[in-house]
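Undergrad: One-letter residues, chain by chain:
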Amino acid sequence: MNITNVYPLRVIVHEVVRASQIAERPPLLSDDLVVLDEEGKALVGRRLIDTVASGSHCVDVTVDDGSSGSPFDRATAMLDADDDVFVANSKFLAMLLSTVQTAGAIKSGSAIFIEGTCLANGRDSRFLAIIKADSDQALLKRVSGEIITLTYVNDMVLGDSQRLIKIAFFIEESAPDGASTRERAPEDFSVKVFDHLMQTSGNGDAAAYFYSSFLKCTLSNNAARQTKQFFEVVHSFIDEMPLSPADRVGYQGDLISYFRQNRETIEPRTFARDVLPQAHQGAFTRKCRDEGITDAFSKDLDLVKSRLRRQSLKFSSNVTLYAPPEVFRDAVIITGTSDDGWTELKIRGSIESMP
Amino acid sequence: MNEAEIQSAYEARLPALDALGRWVTHIIIDALEGQLGSQSAVMKFLQIPPKPRVKETDSFLEKALVRKRKSNPLAEITDQVGVRFVVLLLEDIDRVGKIVGAGPWHAQKDRDFQQERLDKADYFAYQSDHFVIRTRSELTFEGIVIPSALPCEIQIRTILQHAYAEMAHSSSYKPPVRLPEEDQKHINRSLAKGSALIETTDDVFGEIKKRLRDFNDSITALLVRSSEIYRAITGEPANPNTALGELIADAYRGMLKDVTPDKLNSWAEAQPGLKDSLLRKRATSVFYRDSVVILLGLLVTENEADVPKYWPVDSYYLEDLYSTLGISTNGLF
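These protein sequence lines map, in sequence, to chains A and B. FYI, the numbering used here numbers position 233 of the first sequence as 233, with every residue one higher than the one before it. FYI, the numbering used here numbers position 14 of the second sequence as 14, with every residue one higher than the one before it.
One or more hints might be untrue.
Stated by the list, open to error - Derived PhoX-like pairs: lysine-lysine, alpha-carbon spacing no greater than 20 Å straight-line:
1) A/Lys41 with B/Lys281
2) A/Lys41 with B/Lys275
3) B/Lys120 with B/Lys193
Unchecked claim - Some chain A residues near chain B, calculated using beta-carbon distances under 7 Å:
4) Arg46
5) Ile49
6) Ala53
For the record, the hints were derived by calculation from the structure and aren't laboratory data. Idealized CB from N, CA, C, for every residue including glycine.
Work out the full structure, taking the sequences as your base and the hints as a guide.
TA: Structure, rendered in structure tokens:
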């Protein structure tokens, strides 16, 4: 989704802690909206863009529970709420976030609620963002005359590192008709989630608590289709790259390996950087955009698993060679193509059987 | 007139000839400076600093009385003073030639090598444009009186033609010694080959120059179109042709060859949020008042992974532009 012109309107921040800490040290829940200056707003807008816009690792999720009083309901109601209800709902959600922070390496931090406007695919939209921002340590530089001092700061939020941010982004796709008190339906919104744990780790629980336990969402039901479409786009891109047959086979193998890796999301730009030769990365990103793939998606191998099981090489003479991808890489070498219609291969091992 | 009378008349006009040569040179260089913008540009344009040269008395007498006997040598011999302009390209010859043709004197083209090339299509030899100019009336330059109708020869050639002329001068044009006929034939043949090669190389240089100019023109066209688009979107004027614009265009030369002005228009039309962003940001940032943001915006959209690699200034501005365009900077900076 193309998201631009992000302008925060109302912002509030609360503390969040681990569930086990709530009793001994209740998190501070603020009653007041935060006043941000223009530079602060610009920074928040930039962090939102970096985390949810084209080229980010943010993925679509589907709302499982949109009933009255659900996190979805509380969050989306904030768009039309007066300040009191805005504050109350944000406090409720911040507390809920603390209570689900039970497992894994979870730090205390802040829950930042931002209501604002943006252009989503060119359409004026409203959004509500919930950011869980871990506090970071840094040194604050101060220049006074000829002297530079560095002061330790242990509570910095929204720095450059995406590792310190989880975000849920509710973008209003269709505005409420008439009375603003009406409950909002999940279909009215596009919901996106970013959590760095989803890119790198296969630990479902750690990654899932934010979008699942907290927000009552599941990974998008489009995921299998998106995964298949991306696989096919890459496959045909590698087919069209000006490469020797041996290199082409190598890259197709890399594609399969990448999909089989233990990661929950795939992002086209990162994929290009990790797998494709540098000279072709730009062209690949353009091709993805032409095919409508600009965002990350959660990996769902349902529709491609048969293609990941083995790598194949089909010849014009109807001969096809199959092998598991990890074997293919080491055991099949294309030594050259000749003009006489024959291809020379070397295959490790001796002929074992002819079943 | 006898030899002694001719000699004393020629020697009497030496200061005037010297002044004429300097006056002519001064006027031509002045005009070039007007066209090229600065004295240093003129010095770069001229491959060899032009130095007017007055014919030595004996050389004049030898030509006037022995080699090419004239009835009125003081009026008829046109190269009593001469100055040579050596340039890089054939097209530069035209530039100087036009200045000479339009100067404050009577000008006549004595040799036109382009014409000679056509007249003697299968002949390769000395090539150069020669003009003879004559003062229209008496004038004073740097305190010296120059009489009316005093001639000065102006040669204009490329540096390659100059190299040929220098070589040919010592081997055939004015040979100091006469070679055996067989040897001279070989030399003549080699000179013709050299001249043909030089003509070819001059043409090739011209093509190179044209290619470079076409590319520069295309970049200028892109910057101009960017300004127009900027104004159309925002209703506000952009800073055009800035040093920043040139710096950025220069950094992305490789990518710009695929960009056309029309592509810029279609790109801008597909950016619904651009007007609002530009109006908001131009108030506080000179970067967003520069029309190059339009061109750069297209480059970012088309080459989001590669643009940061060649960015020539502080990346803060580029990162901000990514946000403006809704492209995550994640992993790129």
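Undergrad: Taking the hints in turn, state whether each one holds.
TA: Hints, verified against the model:
no.: 1; hint: A/Lys41 with B/Lys281; result: 13 Å, holds
no.: 2; hint: A/Lys41 with B/Lys275; result: 19 Å, holds
no.: 3; hint: B/Lys120 with B/Lys193; result: 15 Å, holds
no.: 4; hint: Arg46; result: 4 Å, holds
no.: 5; hint: Ile49; result: 4 Å, holds
no.: 6; hint: Ala53; result: 5 Å, holds
Comparing the model with each numbered hint stated earlier shows that all of them hold.
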